[in-house]
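Which chain is which? The protein sequence lines are A and B, in order.
For the first sequence, counting from 1, position 13 maps to 13 in this note's numbering; every step adds exactly one.
In this note's numbering, each residue carries its 1-based index in the second sequence increased by 263.
No lab work stands behind these hints, which were simulated from the structure alone.
Honestly, I wouldn't trust all of these hints.
[Unchecked claim] Okay, the calculated beta carbon distance ranges per label pair:
1) A:131 - B:560: 52 to 58 Å
2) A:31 - B:623: 47 to 53 Å
3) A:88 - B:623: 35 to 41 Å
4) B:295 - A:86: 34 to 40 Å
[To be verified] The calculated lysine-lysine pairs, modelled on DSS-like cross-linking and capped at a C-alpha distance of 27 Å, are:
5) B:274 - A:158
6) A:151 - B:274
7) B:266 - A:77
8) B:266 - A:151
9) A:158 - A:79
10) A:87 - B:388
11) B:481 - A:77
12) B:631 - A:94
13) B:481 - A:172
14) B:274 - B:327
15) A:102 - B:481
16) B:274 - B:600
17) B:266 - A:146
18) B:631 - A:102
19) A:172 - A:94
20) B:306 - A:87
21) A:151 - B:466
22) A:46 - A:94
23) B:266 - B:388
24) B:373 - B:388
As the structure is a prediction and not an experimental result, all values here were calculated from the model.
Don't be surprised by glycine CBs; every beta carbon is placed ideally from N, CA and C.
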Amino acid sequence: MEKETDIENCKKVLLGEFEPVISAKNLTKTFGHFTAVDSISFDVAKGEIFGFLGANGAGKTTAMRMLCGLLKPTSGKGKVAGYDIEKQSEQVKKNIGYMSQKFSLSEDLRVWENIRLYAGIYGVHEREIAPRTDELLRQLGFESEKNSLVKSLPLGWKQKLAFSVSIFHNPKIVFLDEPTGGVDPAARRQFWELIYQAADRGITVFVTTHYMDEAEYCNRVCILVDGRIEAIDLPRNLKEQFNVKSMDEVFQQMARKATRKAD
Amino acid sequence: MLKYLLEKEFKQFFRNRFLPKVVIVIPLMVTLIFPLIANFEIKNINLSIVDSDKSPYSQQLVQKAQASGYYRITNISENYDNALKSIELDQADVILEIPINFEKDLVNEKAAAVMITANAVSGVKGGLGSAYLSSIISDFNTNVRVEWLQSDSRFVVPRFEIRPLYWYNPMLEYYVFMIPALMIMILAIICGFLPALNIVGEKENGTIEQMNVTPVSKFKFIISKLIPHWVVGFVSLTICFVVARLFYNLIPAGSILTIYILASVFVLAFSGFGLVVSNYAKTLQQAMFMMFFFVLTFIFMSGLYTPVENMPQWAQIISHFSPLKYMIQVLRLVYLKGSGFTELLTQFFALSAFAIFFNGWAVISYRKSSQ
């Protein structure tokens with residue numbers, strides 16, 4: 001599923017040939033004596049699907065929350081969409097979409113009401129909202145659920161809706177925190193199709209996961225162990241390096257190094 | 264942006280199975296039912312009579328006590344010991360013992376003794392029960408004396424009577440005093456409690472995080488939580504006014520506009536207080552508990568039930584920090600005395616100070632990102 005152009009882009013990033021949309025430099029977060037994220041540095045290029053892999057408790061969510069401006073870093077720098085994550089967090093927020101690990105649309109609002117709410121908040125023009133909502137629901141095959149309360153939807157659909165809401169305003173970057181947790185394989189497959197569609201629209205995708213088959217779908221992955229980056233490369237290169245056939249095996253070898261207990 | 268947030272809040276409010284009903288039920292409860300319950304007039308005091316004299320005079324005295332309307336004669340005993348047992352069995356609150364020779368002493372010695380014994384387990388009932396009885400006896404005493412003296416036409420008896428004139432509440436009706444104050448409780452609950460619990464609820468189910476990652480400013484987020492509850496709070500208050508008018512014919516002596524203006528400031532202050540609580544509480548349980556602690560303190564310190572002047576000095580000082588106190592004063596003054604805005608400036612400034620203090624604190628303590 002890797003596209004040659006994407007790989008070329010990634011190489012350019014690695015060679016420092018163009019401005020990255022996300023960049024972290026020695027980003028660190030400590031809670032008391034516990035270092036959740038330990039001085040991580042990386043860059044993500046525009047249009048990339050960047051996978052952030054790691055066991056539970058490796059620090060994936062903490063790192064993502066810092067990039068989204070939800071959490072203040074203890075030290076280090078980060079830039080998202082050209083804005084400083086600490087000093088310009090409100091600017092960052094205008095340019096990103098975010099889908100949290102826990103489903104967090106309003107359960108007591110209808111499907112179209114949730115879309116309208118977030119579209120409105122991000123400043124999508126009032127006139128555009130209704131036709132684009134219909135268009136979106138048609139694409140998702142969701143028309144019949146337009147007036148359903150969100151709490152009545154099955155989890156797989158909720159996740160698809162949450163993702164669609166998070167990119168409705170065409171952000172530069174979308175952050176997905178374990179978007180497919182608890183979702184069945186067929187729905188996960190569909191979900192990844194949506195992610196590809198978003199990437200085709202030029203949206204950079206930053207996704208955390210601990211499903212290693214999903215890691216194969218990413219253009220580039222970063223493996224986090226105990227809050228530190230152990231590897232960052234194309235999935236293909238990592239497999240070559242470890243001389244294994246799947247990302248799962250790569251991860252198994254990496255994760256063995258972990259000393260931190262999963263939460 | 265605010266428009267979309269308000270749409271959301273109103274939809275969620277009216278979609279809630281419970282809240283819209285509460286807005287109607289609370290004002291009805293408070294105006295129709297609470298005044299009947301929260302009543303400090305003591306009636307139906309159980310009286311035990313020990314009439315050892317059994318003379319016309321002693322009978323007259325007993326009848327007079329009964330006719331006062333405060334007492335229910337539940338026990339007539341032959342002797343004091345039996346009467347005391349009825350107190351122990353909780354059948355009587357007050358004993359009136361009329362000794363043998365009551366009439367004889369009254370006529371011959373111009374003086375006679377009776378004994379009142381009160382059960383002080385319920386202090387108010389015992390205290391007022393014996394006080395009413397004393398005044399009945401002294402009244403009886405005067406009447407007897409006047410009767411005698413007037414039978415002798417040589418004396419013209421100067422007789423005086425105290426007739427109190429109760430300004431602002433001529434009939435001393437308890438509900439006139441309570442209902443205006445209780446209305447403020449509703450505003451405090453709907454405008455202070457509900458938005459705070461709503462925000463903490465969003466924290467608990469994670470939806471607030473989705474908001475925090477959007478460009479919604481904290482001011483807009485907070486205001487979108489407050490406006491719907493203000494609207495609802497004022498609807499409730501208005502229902503109270505209407506019910507008070509229909510069922511008790513209770514109309515504010517002053518201007519209703521004055522009440523609305525000061526109530527807006529109060530609501531601003533109290534919802535600010537709720538927001539402060541919501542910023543510190545991580546769970547609904549914590550929020551509820553903190554709210555109850557402070558609201559109970561505010562209520563007891565407010566003079567709603569007991570006059571602030573009766574409190575010890577230190578408590579009176581604390582009472583200055585209860586926003587409820589000032590607003591309850593406002594409602595009572597406007598309803599009963601007809602005070603105008605210029606006479607309520609103290610309350611207005613106090614409430615404004617609370618509003619600035621609590622809302623300032625709320626904005627400073629609200630964080631879109633955590634440390």
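Straight-line alpha-carbon gap residue 266 of chain B to residue 388 of chain B, limit 27 Å = Outside the cut-off at roughly 56 Å; violated.
Quickly compare the C-alpha distance for residue 151 of chain A and residue 466 of chain B to 27 Å and report which way the hint goes.
-> Measuring from Cα to Cα gives roughly 17 Å; hence the hint holds.
Pair hint outcome, residue 266 of chain B versus residue 146 of chain A [Cα-Cα no greater than 27 Å] | holds (21 Å)
Is it true that the C-beta distance of residue 31 of chain A to residue 623 of chain B lies inside 47 to 53 Å, as the hint says?
-> Since the Cβ atoms of residue 31 of chain A and residue 623 of chain B sit about 29 Å apart, the hinted range of 47 to 53 Å is violated.
Quickly compare the C-alpha distance for residue 158 of chain A and residue 79 of chain A to 27 Å and report which way the hint goes.
-> Answer violated: residue 158 of chain A to residue 79 of chain A is near 30 Å, above 27 Å.
Agreement of residue 631 of chain B and residue 94 of chain A with the hint, judged by alpha carbon distance not exceeding 27 Å | holds (14 Å)
Could you grab the alpha-carbon distance between residue 274 of chain B and residue 327 of chain B and see if it respects the 27 Å cut-off?
-> Cα-Cα ~63 Å, so violated.
Hey, residue 631 of chain B versus residue 102 of chain A, does the alpha-carbon distance stay inside 27 Å?
-> At roughly 18 Å apart (the allowed maximum being 27 Å), residue 102 of chain A and residue 631 of chain B satisfy the hint.
Taking only the CA atoms, is the gap from residue 373 of chain B to residue 388 of chain B under or equal to 27 Å?
-> violated (32 Å)
Do the alpha carbons of residue 172 of chain A and residue 94 of chain A lie within 27 Å of each other, as the hint requires?
-> Given that 27 Å is the threshold and the Cα spacing comes to 9 Å, the pair holds.
Below or equal to 27 Å on CA atoms is what counts here, so check residue 306 of chain B against residue 87 of chain A.
-> violated (69 Å)
Kindly confirm whether 52 to 58 Å is satisfied by the beta carbon distance between residue 131 of chain A and residue 560 of chain B.
-> holds (54 Å)
Of the numbered hints listed earlier, those contradicted by the structure are 2, 3, 4, 7, 9, 10, 14, 16, 20, 23, 24.
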